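Novice: Spelled out from the first residue to the last, the chains are:
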Amino acid sequence: MLESKEITKVFGKKTAVDHISLKLEPGYIYAMLGPNGSGKTTWMKMAAGLIKPTSGEMYYNGRPLDVDSRREIAYMSTEPYFYSWMSVADVGKYYQDFFADFSMEKYRELLSYMELTEDMKTKALSSGMMAKLKIAVTLARDAKVIMLDEPLNGIDLLARDQIMKGIVEVTGPNRVLVISSHLVEELETVADYAVFIKQSHLIEVRGLEELRASEGISVADKYRQIYANIGGAF
Amino acid sequence: MTSYNASVPIYLQVVHSIKEKIATGKISPGDKLPSGRELALKYTINPNTAARVYQTLEQEQLLFTRRGLGSFVTEDKSKIAAIKEEMAEGILEEFLAGMERLGISAEEAIEMLKKKK
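Just so you know, the sequences run in chain order V and L. The numbering of the first sequence is this note's numbering, which starts it at 1 and goes up by one. The numbering of the second sequence is this note's numbering, which starts it at 235 and goes up by one.
Hints in this document: simulated from the structure, not taken from any laboratory. If you're wondering where the values come from, they're calculated on a predicted model, not measured in any experiment. Ideal Cβ placement from N, Cα and C applies to all residues, glycine included. Accuracy of the hints is not assured; some may be wrong.
Said to hold, decoys possible - Here are the in silico distance ranges between beta carbons for each label pair:
{"no.": "1", "chain 1": "V", "residue 1": "E79", "chain 2": "L", "residue 2": "E309", "range": "52 to 58 Å"}
{"no.": "2", "chain 1": "V", "residue 1": "E57", "chain 2": "L", "residue 2": "S262", "range": "55 to 61 Å"}
{"no.": "3", "chain 1": "V", "residue 1": "D161", "chain 2": "L", "residue 2": "F306", "range": "44 to 50 Å"}
{"no.": "4", "chain 1": "V", "residue 1": "E57", "chain 2": "L", "residue 2": "K318", "range": "23 to 29 Å"}
{"no.": "5", "chain 1": "V", "residue 1": "G62", "chain 2": "L", "residue 2": "F306", "range": "54 to 60 Å"}
{"no.": "6", "chain 1": "L", "residue 1": "I325", "chain 2": "V", "residue 2": "E185", "range": "26 to 32 Å"}
{"no.": "7", "chain 1": "L", "residue 1": "K276", "chain 2": "V", "residue 2": "S214", "range": "37 to 43 Å"}
{"no.": "8", "chain 1": "V", "residue 1": "I51", "chain 2": "L", "residue 2": "E292", "range": "19 to 25 Å"}
{"no.": "9", "chain 1": "V", "residue 1": "I51", "chain 2": "L", "residue 2": "F306", "range": "36 to 42 Å"}
{"no.": "10", "chain 1": "L", "residue 1": "I344", "chain 2": "V", "residue 2": "L183", "range": "44 to 50 Å"}
{"no.": "11", "chain 1": "V", "residue 1": "K23", "chain 2": "L", "residue 2": "Q289", "range": "21 to 27 Å"}
{"no.": "12", "chain 1": "L", "residue 1": "M346", "chain 2": "V", "residue 2": "S214", "range": "46 to 52 Å"}
{"no.": "13", "chain 1": "L", "residue 1": "K276", "chain 2": "V", "residue 2": "D66", "range": "39 to 45 Å"}
{"no.": "14", "chain 1": "V", "residue 1": "S214", "chain 2": "L", "residue 2": "Q289", "range": "50 to 56 Å"}
As the list claims (entries may be wrong) - Covered by chain V, according to a simulated footprint, are these stretches of chain L (three or more residues, beta-carbon under 8 Å):
{"no.": "15", "stretch": "240-253"}
{"no.": "16", "stretch": "260-266"}
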């Protein structure tokens with residue numbers, strides 16, 4: 001459904017993404033894992049068509065990413081992106097104007113799920129509430145590809161549970177979800193596949209249940225093996 | 235159930251949890267089970283994992299699916315008795331294996347159990 005072929009992005013002297021080829025299939029949740037600065041965000045932004053690759057190409061349903069396919073891809077960035085004067089209701093209207101696939105009904109449903117109300121002002125939201133608002137407004141789009149960049153950052157335990165349920169709620173056989181995180185444990189039960197990215201390179205894509213069944217280890221264990229070369233009983 | 239052992243396949247843990255509910259009577263024979271999606275939400279698990287949970291339980295004939303109506307717990311009492319036995323067996327094996335690691339023989343372990351009450 002969404003595929004990057006040998007995609008590369010160079011910023012000045014730094015290669016942020018180095019020849020990553022990755023194919024994502026509908027019906028699955030992908031956890032994109034790696035330390036900060038490993039290239040996850042840059043890959044996602046290229047996948048969303050927000051930045052142009054230096055070389056290589058992004059494909060959607062077998063065709064190079066274009067204006068039409070970009071409409072079917074929702075991306076939630078880590079940066080805050082609402083005007084401070086906006087209320088939670090304004091954010092919904094703003095999105096409705098921008099995206100044809102935005103559902104106000106779904107948005108309201110997600111808001112109540114996240115314990116947010118429409119009269120709240122964005123400038124008065126705590127960082128955790130802001131994070132939930134960003135997720136609600138992104139998940140309210142009926143996009144075929146939904147990418148959430150670090151959705152669990154700065155969020156307390158209870159809100160994380162709400163968010164994980166929100167993510168499970170929007171999965172479907174025709175949809176791809178990509179969630180980047182350095183909080184590996186949070187995604188253990190929810191993701192189908194883990195995509196390990198290290199220093200701008202794709203290291204491995206592993207099925208989580210397959211990893212547990214064949215090696216008897218968790219994604220967090222695998223993460224330690226890949227990034228820290230430590231493991232074992234202690 | 236909200237905590238899992240992340241080194242063991244999640245579907246097996248959920249299968250175990252549902253079997254336990256059946257064995258202890260928390261879910262009765264003939265009861266309707268939540269849909270796959272509801273199960274995924276309830277357990278905060280991947281929907282594909284939830285589907286696999288039901289496939290596994292169905293293969294073991296612990297539940298049956300009525301098209302359009304959903305999944306139901308078996309009404310076969312012998313199947314339910316068998317799960318109970320299987321689970322008791324599992325607990326016993328774990329217990330004995332733990333004792334063996336401590337260098338305590340099965341006979342000694344039995345003596346300890348008798349004293350314990």
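Novice: A separate judgement is required for each hint: does it hold in the structure or not?
Specialist: Consistency of the hints with the structure:
1. Range check, V/E79 to L/E309: about 56 Å between beta-carbon atoms, so the 52 to 58 Å window is met.
2. Distance hint for V/E57 and L/S262: a CB-CB separation of about 57 Å, consistent with the stated range 55 to 61 Å.
3. Our hint of 44 to 50 Å for V/D161 and L/F306 is violated, since their Cβ atoms are close to 29 Å apart.
4. Checked against the given bound of 23 to 29 Å, the beta carbons of V/E57 and L/K318, roughly 58 Å apart, lie outside it.
5. Evaluation of the 54 to 60 Å hint for V/G62 and L/F306 yields a failure: the beta carbon distance comes to about 42 Å.
6. The hinted window of 26 to 32 Å between L/I325 and V/E185 holds, with their beta carbons roughly 28 Å apart.
7. In this structure the hint that L/K276 and V/S214 lie 37 to 43 Å apart at CB is violated, the actual value being about 27 Å.
8. For V/I51 and L/E292, the Cβ-Cβ distance of about 47 Å falls outside the hinted range of 19 to 25 Å, so the restraint is violated.
9. Look at V/I51 against L/F306: about 51 Å separates their beta carbons, and that is not inside 36 to 42 Å.
10. In this structure, L/I344 and V/L183 meet the distance hint of 44 to 50 Å, their C-beta atoms being roughly 46 Å apart.
11. Between V/K23 and L/Q289 the Cβ separation comes to about 25 Å, which falls inside the hinted range of 21 to 27 Å.
12. Distance hint check for L/M346 and V/S214: the Cβ-Cβ separation is about 37 Å, which falls outside the suggested range of 46 to 52 Å.
13. Range check, L/K276 to V/D66: about 40 Å between beta-carbon atoms, so the 39 to 45 Å window is met.
14. Between V/S214 and L/Q289 the C-beta distance comes to about 19 Å, which lies outside the given range of 50 to 56 Å.
15. Counting residues of the stretch 240-253 of chain L whose beta carbon lies closer than 8 Å to any beta carbon of chain V gives 6, which meets the minimum of three for the stated coverage.
16. Residue count for the stretch 260-266 of chain L with a Cβ under 8 Å from a Cβ of chain V: 0. That is fewer than the three needed, and the coverage hint is violated.
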